[in-house]
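Asks: These are the residues of each chain, in order.
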Amino acid sequence: MYALLSSIPYWGETLLRLLGGAVAVLLPAGTIVYLFLFKMMSFMQSRLGPMEAGPYGSMQLFAEVGKWLQKEDLLPERADSFVFKIAPLIVLASTFLLVAVVPFGPDAWFTNFEAGVFYALAVSSVSVLGILMAGWSSANKYSLLGGLRAAGQLIAYELPMILAVVGVVIQAGSMNLQNIVVAQNAGSIFGWDGLGNPYLLTQFVGFVIFMIAVQAELTQTPFDMPIAESELVSGYMTEYSGFRFLMFFIGEFATAGVFAFIASVLFLGGWGVPFSWFGWTGINDVDNWMNIGGPLIMLTKMLGLVFIIMWVRFSYPRFREDQLQRFAWKVLIPVSLVNIMATSVLKVAF
Amino acid sequence: MSDFLRSYLTVFWFGLLAFALAGLLLWVSSLLRPNHPTREKSMPYESGVDPVGEGWSQSQIRYYVFALLFVVFDVEAVFLFPWATQLERYGSFGLIEMGIFVAVLLLGLVYAWRKGVLRWV
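Going line by line, the protein sequences match chains A and B.
For the first sequence, my numbering gives the first residue as 1, with consecutive numbering after it.
For the second sequence, my numbering gives the first residue as 1001, with consecutive numbering after it.
Treat the hints loosely; a few may be bogus.
From the structure, some residues in chain B lie toward chain A, with a derived Cβ separation under 10 angstroms [unchecked claim]: (1) SER1002; (2) ASN1035; (3) SER1042; (4) ASP1050; (5) GLY1053; (6) SER1059; (7) LEU1069; (8) ALA1077; (9) PHE1081; (10) GLY1091; (11) GLY1099; (12) TYR1111; (13) ALA1112.
Think about it this way: if two alpha-carbon atoms lie no more than 27 angstroms apart in a straight line, the pair counts; the simulated DSSO-like pairs of lysine-lysine are [to be verified]: (14) A:LYS39 <-> A:LYS85; (15) A:LYS85 <-> A:LYS71; (16) A:LYS67 <-> A:LYS85; (17) A:LYS67 <-> B:LYS1041; (18) A:LYS330 <-> B:LYS1115; (19) A:LYS39 <-> A:LYS330; (20) A:LYS85 <-> B:LYS1115; (21) B:LYS1041 <-> A:LYS71; (22) A:LYS67 <-> A:LYS39.
Simulated coverage check for chain B against chain A, where a stretch passes if three residues somewhere in it have a Cβ under 8 angstroms from a Cβ of chain A [stated by the list, open to error]: (23) 1023 to 1032; (24) 1043 to 1049; (25) 1070 to 1076.
Think of the hints as simulated: they come from the structure by calculation, not from any bench.
The beta-carbon is built from N, C-alpha and C at its ideal position, and this holds for glycine as well.
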């Protein structure tokens, strides 16, 4: 794979990467919407979900996109039209920027930053700008309130997310996502390397905090105060219609997929299988077939994690705004600080 | 060009791809969709009731103290990450050093907590 990549010119390589990036954003989004939002939610509520378009309604998504494409694009009379129109694009762009850092195989990566964790955490907060822009520019009271709530919530849950990742960085000794994957798969638990050392086991507290923060960053129930439909219509998206609304929608579920990718890189061993199974010791020994197998492994792990996110979403009622802030500041942040100190003590001691 | 800058160029291409893809679909949509704006359609939506007053109504920003605290802890994270990567080299000296740093910040959080600013007023 690497030999193949180095023999093609830069523009060809970039085109391949962009194609891969588009697939890595849109394929999970489509799968998540069909599998979880259409089917799993229906089954949990004792109904069948879409059944007409294609076998078991599997073509429903294409029908939906076709429908949204034909919807009128409304602009509220008092709205700030440029900001109003560009906001969904920024939310979507933040998803694409986020996926650029996820490694899918030993050579199947888009960018290989030394400070990949930093980059991921920084870019993930760009979507807040888009949401604030949408809420502000609509000139609608519901939208404004929704946008402000979203900003408050995303600020509060950004911190537990960042602090939860520090534990992983301490264990791996690197901020490079590729190195974190290798450290997990080449590692061993008390000398036994049959499973590698997925940080899910050693950083379980960090994992739980990270997943809660992801739930909140995605504004999924129980953290859906910004788009609470029973009090704010649909928050910052109230005035959007047609394709721009669909962009928010795609952005939401694509970001769910990408966050699950990042969580599986950080805590579940990413694209790798335990290296001891095949007698590999480092990333240079990894066979070429992992460039094909890696993305499939990532997809499986991603679906598993998104299943948990959706399961929680469909099961729990909404937090009140003050409960939500209290939970972040008085529970998650202290716990994650303690987690960091405990991890570092254990790291130095052993 | 170095690999480092090339990576950032890739990031730029990814951002451009998002805008290009969205722009393309919006253009396709503009060929298909109707466009008949009327006064009623472009009124701000408030559940069918005619809106009263401005859309940009005064609303209290309740979380500016949270935002200040956020900046403090965000900067802390900037210091934590480089330390975390090199913990093996620093050993117990780095551990105690960072323990003091985190404790000072934790003290700040406890102070804010006791002052009651962590309440959503």
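Asks: For the hint on B:PHE1081, does the least C-beta distance to chain A fall short of 10 angstroms?
Replies: Nearest chain A Cβ about 6 angstroms off; hint holds.
Asks: Holds or violated: is the Cβ of B:GLY1091 closer than 10 angstroms to a Cβ in chain A?
Replies: Holds, because the Cβ-Cβ distance from B:GLY1091 to chain A comes to roughly 6 angstroms (cut-off 10 angstroms).
Asks: Holds or violated: A:LYS330 with B:LYS1115, Cα cutoff 27 angstroms?
Replies: At roughly 13 angstroms apart (the allowed maximum being 27 angstroms), B:LYS1115 and A:LYS330 satisfy the hint.
Asks: Take the C-alpha atoms of A:LYS67 and A:LYS39, compute the straight-line distance between them, and say whether it is at most 27 angstroms.
Replies: holds (20 angstroms)
Asks: Would you check the hint for A:LYS67 and B:LYS1041, treating anything up to 27 angstroms between C-alpha atoms as holding?
Replies: holds (19 angstroms)
Asks: Have a go at the B:GLY1053 hint: is there a Cβ in chain A nearer than 10 angstroms to its own Cβ?
Replies: Cβ of B:GLY1053 sits 8 angstroms from chain A, so the hint holds.
Asks: Is the interface hint satisfied for B:ASP1050? The criterion is a beta-carbon contact with chain A at less than 10 angstroms.
Replies: violated (13 angstroms)
Asks: Decide if the proposed pair is consistent with the structure: A:LYS85 and B:LYS1115, CA atoms, cutoff 27 angstroms inclusive.
Replies: Given pair A:LYS85, B:LYS1115 is violated - Cα atoms ~42 angstroms apart, limit 27 angstroms.
Asks: Go through the hint on B:ALA1112 and say holds or violated, using the shortest Cβ distance to chain A against 10 angstroms.
Replies: With a closest approach of 8 angstroms, the B:ALA1112 hint holds.
Asks: For a C-alpha distance cap of 27 angstroms, please report whether A:LYS85 and A:LYS71 respect it.
Replies: holds (15 angstroms)
Asks: Min Cβ distance, B:ASN1035 to chain A: is it shorter than 10 angstroms?
Replies: Cβ of B:ASN1035 sits 6 angstroms from chain A, so the hint holds.
Asks: A:LYS39 and A:LYS330 were given as a pair; does the straight-line alpha-carbon distance stay at or below 27 angstroms?
Replies: violated (36 angstroms)
Violated hints, listed in ascending order, are 1, 4, 12, 14, 19, 20; each of the other numbered hints is respected by the structure.
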